[in-house]
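A.B. asks: The lines below spell out each chain.
Number of protein chains: 2
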Amino acid sequence: MTNSFYPPIRTLMGPGPSDVSPRVLEALSRPTIGHLDPAFIEMMDEVKELLQFAFQTENSLTLPVSAPGSAGMETVFANLLEAGDKVVTCQNGVFGGRMKENVERYGATAIMVEDEWGTPVDPDKVEQALKENPDAKVLGFVHAETSTGVRSDAEALCALASKYEVISIVDTVTSLAGIEVDVDGWGIDAAYSGTQKCLSCVPGLSPVSFSSRAADIVRNRKHRVQSWFLDLNLVMGYWGTDAKRSYHHTAPVNSLYALHEALVILKEEGLDQSWARHALNHQAFAAGIEQLGLSFIVAENYRLPQLNAVTIPEGIDEAAVRNQLLENYNLEIGAGLGSLAGKVWRIGLMGFASNRKNVLFCLSSLANVLTEMGANVDGQAANLAALDTYKRS
Amino acid sequence: MTNSFYPPIRTLMGPGPSDVSPRVLEALSRPTIGHLDPAFIEMMDEVKELLQFAFQTENSLTLPVSAPGSAGMETVFANLLEAGDKVVTCQNGVFGGRMKENVERYGATAIMVEDEWGTPVDPDKVEQALKENPDAKVLGFVHAETSTGVRSDAEALCALASKYEVISIVDTVTSLAGIEVDVDGWGIDAAYSGTQKCLSCVPGLSPVSFSSRAADIVRNRKHRVQSWFLDLNLVMGYWGTDAKRSYHHTAPVNSLYALHEALVILKEEGLDQSWARHALNHQAFAAGIEQLGLSFIVAENYRLPQLNAVTIPEGIDEAAVRNQLLENYNLEIGAGLGSLAGKVWRIGLMGFASNRKNVLFCLSSLANVLTEMGANVDGQAANLAALDTYKRS
Numbered sequence: 001m002t003n004s005f006y007p008p009i010r011t012l013m014g015p016g017p018s019d020v021s022p023r024v025l026e027a028l029s030r031p032t033i034g035h036l037d038p039a040f041i042e043m044m045d046e047v048k049e050l051l052q053f054a055f056q057t058e059n060s061l062t063l064p065v066s067a068p069g070s071a072g073m074e075t076v077f078a079n080l081l082e083a084g085d086k087v088v089t090c091q092n093g094v095f096g097g098r099m100k101e102n103v104e105r106y107g108a109t110a111i112m113v114e115d116e117w118g119t120p121v122d123p124d125k126v127e128q129a130l131k132e133n134p135d136a137k138v139l140g141f142v143h144a145e146t147s148t149g150v151r152s153d154a155e156a157l158c159a160l161a162s163k164y165e166v167i168s169i170v171d172t173v174t175s176l177a178g179i180e181v182d183v184d185g186w187g188i189d190a191a192y193s194g195t196q197k198c199l200s201c202v203p204g205l206s207p208v209s210f211s212s213r214a215a216d217i218v219r220n221r222k223h224r225v226q227s228w229f230l231d232l233n234l235v236m237g238y239w240g241t242d243a244k245r246s247y248h249h250t251a252p253v254n255s256l257y258a259l260h261e262a263l264v265i266l267k268e269e270g271l272d273q274s275w276a277r278h279a280l281n282h283q284a285f286a287a288g289i290e291q292l293g294l295s296f297i298v299a300e301n302y303r304l305p306q307l308n309a310v311t312i313p314e315g316i317d318e319a320a321v322r323n324q325l326l327e328n329y330n331l332e333i334g335a336g337l338g339s340l341a342g343k344v345w346r347i348g349l350m351g352f353a354s355n356r357k358n359v360l361f362c363l364s365s366l367a368n369v370l371t372e373m374g375a376n377v378d379g380q381a382a383n384l385a386a387l388d389t390y391k392r393s
Numbered sequence: 001m002t003n004s005f006y007p008p009i010r011t012l013m014g015p016g017p018s019d020v021s022p023r024v025l026e027a028l029s030r031p032t033i034g035h036l037d038p039a040f041i042e043m044m045d046e047v048k049e050l051l052q053f054a055f056q057t058e059n060s061l062t063l064p065v066s067a068p069g070s071a072g073m074e075t076v077f078a079n080l081l082e083a084g085d086k087v088v089t090c091q092n093g094v095f096g097g098r099m100k101e102n103v104e105r106y107g108a109t110a111i112m113v114e115d116e117w118g119t120p121v122d123p124d125k126v127e128q129a130l131k132e133n134p135d136a137k138v139l140g141f142v143h144a145e146t147s148t149g150v151r152s153d154a155e156a157l158c159a160l161a162s163k164y165e166v167i168s169i170v171d172t173v174t175s176l177a178g179i180e181v182d183v184d185g186w187g188i189d190a191a192y193s194g195t196q197k198c199l200s201c202v203p204g205l206s207p208v209s210f211s212s213r214a215a216d217i218v219r220n221r222k223h224r225v226q227s228w229f230l231d232l233n234l235v236m237g238y239w240g241t242d243a244k245r246s247y248h249h250t251a252p253v254n255s256l257y258a259l260h261e262a263l264v265i266l267k268e269e270g271l272d273q274s275w276a277r278h279a280l281n282h283q284a285f286a287a288g289i290e291q292l293g294l295s296f297i298v299a300e301n302y303r304l305p306q307l308n309a310v311t312i313p314e315g316i317d318e319a320a321v322r323n324q325l326l327e328n329y330n331l332e333i334g335a336g337l338g339s340l341a342g343k344v345w346r347i348g349l350m351g352f353a354s355n356r357k358n359v360l361f362c363l364s365s366l367a368n369v370l371t372e373m374g375a376n377v378d379g380q381a382a383n384l385a386a387l388d389t390y391k392r393s
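Sequences listed follow chains A and B, in order. Just so we're aligned: 299 in this note's numbering is position 299 of the first sequence, and the numbers increase by one with no gaps anywhere. Just so we're aligned: 301 in this note's numbering is position 301 of the second sequence, and the numbers increase by one with no gaps anywhere.
Calculated directly from the structure, the hints in this document are not laboratory data. Any given hint could turn out to be false.
The list treats identical chains as interchangeable, and a pair is accepted whether it falls inside one copy or across any two copies.
What the hints assert, rightly or not - Here are the simulated lysine-lysine pairs, DSSO-like style, with alpha carbons at most 27 Å apart:
hint	residue 1	residue 2
1	K163	K137
2	K343	K244
3	K244	K100
4	K163	K100
Just so we're clear, the structure is a prediction, and the values are computed from it rather than from any experiment.
Please put together the full structure from these sequences, using the hints given.
C.D. replies: Here you go:
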């Protein structure tokens, strides 16, 4: 007979999922009600408003897709692209590559703008590509590359989209709530995100937001979206602004309780405060990491505070370190992904997990493990360097 | 400022979601761990084994899709169909119609076999269609029509699929765990289900199972699946049998804890016992319903014990009854769907909600509301009729 599963209690400092607040876990376990229950419909309206707050937008087409972040990405591409469209697609990591995959699966052509992994998308190259492709319909890029820890200048890139009259699609999976995302201010046409990063909610939902211009494209498609499940023209009937909601699919009721609670927590804290907290914990962590003699692969100006891609000391077996941290400290940090596999650790300080305790615990634990493996590092000095940053803040 | 959301405590006797066991809600709220954590991978293996148990199959391609039932339906059609395929598609309710929608969106042709709503799929008509279409690739039908409460003879229909050498796709969303589903015994090639019906888990996941023949079709497609998220050739890398799991999307970790627990509960009870419980509670409920002078739209032999489509007394405002039940009794029953809208109530006795307390409570509450609306019904007599059924069992 199979027994109930009791997970180990981990500290989640990988690329996501991040530690989930006890408040969110408790909300998740509240009794299930019907997906057309008037009380639930009211909560859905609040979720939409709270997402508008998080994305800084008044877009009425703002809702959580009932599936993980990669389905949110696909929702955006599936609904905005038609076969034959041209998409200027920026790749500086794994998730730009996934954009390309989406573009091509939907029968569109990806005009690639490639930048080295660990560097931001270069606006000059993007402008060049837009100039050379006056028939492009879309500019797609990743705001916060989870595979490298780099931030691209979404504001500048969206300004180029506007100048060359293309629709902007922006991956905000890892940026939302961790660094500034200003959908209306920057003129983002379509953004998608995930719940398991800086929102510190459980994985499984994907918030999306479409400008009215993008929503019009969805409404006036030449061919309907191949996917019934992701077709926003149908999803809108359930999440729409009409008083009467029509059944499309059965919403993941409890996961939406959790997202509601995570967004209430974000609103209580405030966006500015959340960004400032992520920035401060990153600075403290960085001071400690540098004290340990490790370095970041991303230049300081473009580093994501919530996702730290850190180099591995010579001669150290990076996987063994991660295993030790997991087994002996219940601490999860992330491996490198794609071309950075084996070359970096990805250490997340996302949402609820972005706190002083985690910063100090991770520095000490990492130093302990490295010391046991023969490296000459000083965990206490790393802790003191981090604390000094907090004191000076 | 938006407040935390505390849902009302309902009794869920609609077409799903059904009442969720406190054990499942508690499992849902256990601390999140990483989707590549070794402890999580081990749990995933158990979920697969438990789903094999529930579906009565040894199919190695058996897993929960990370999205609701309608995405599970789409996963099956998206992976098995290519443009130009012919699908004999049976429609005797809303969900057969959704199959047609899927078939057509994926560029295939639906050869429709239509039966009246409330009656089962007619095997003679299906055989005729298969004879007339020797180039058909697939037979698709709904085992348990949630819109009408009818059971079709899946065993007989799968035998026809085998005889005419087509792949069988079977919608088991509402049947799984409520009535017999025997994937291997009946030779089902692809089945999909939902978690929020007779498994009494939270909504948001969709168990699917593919025979080795169906899995081969997925592996040897001429054109890749348009959807990246639903492409099983990629999903298998994460859920696959290899010791090394590769990242595809971030799994809905906590929802999978809940599904694991729901399946452990099912295994503890046993499949036979679960089916017998659903049957008995239905019989008791039916005795009470008939005592109230109401009737079923489905003939006794084809009724689903877990989904009771019940007629509405003359002159009664069916929506007002549902509202009263919700407001004054916190009891949710379902409205009619599609062509049965306004003509029936759909009363679920699914999974954890299939119990004596719910049977008696629903009969009493319904009788109270009908009495207040001027109908001449006797709730106590209905209760006693139900109790008599339990006594004689």
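A.B. asks: Next, verify each hint and record whether it holds.
C.D. replies: Here's how the hints hold up against the structure:
1. K163 x K137: Only inside one copy: K163 and K137 sit 13 Å apart there, 50 Å across copies, limit 27 Å.
2. K343 x K244: Classified as between: cross-chain Cα gap 19 Å, same-chain 53 Å, threshold 27 Å.
3. K244 x K100: Cα proximity of K244 and K100: across copies only (26 Å, versus 38 Å in one copy).
4. K163 x K100: within (23 Å within a copy, 43 Å between copies)
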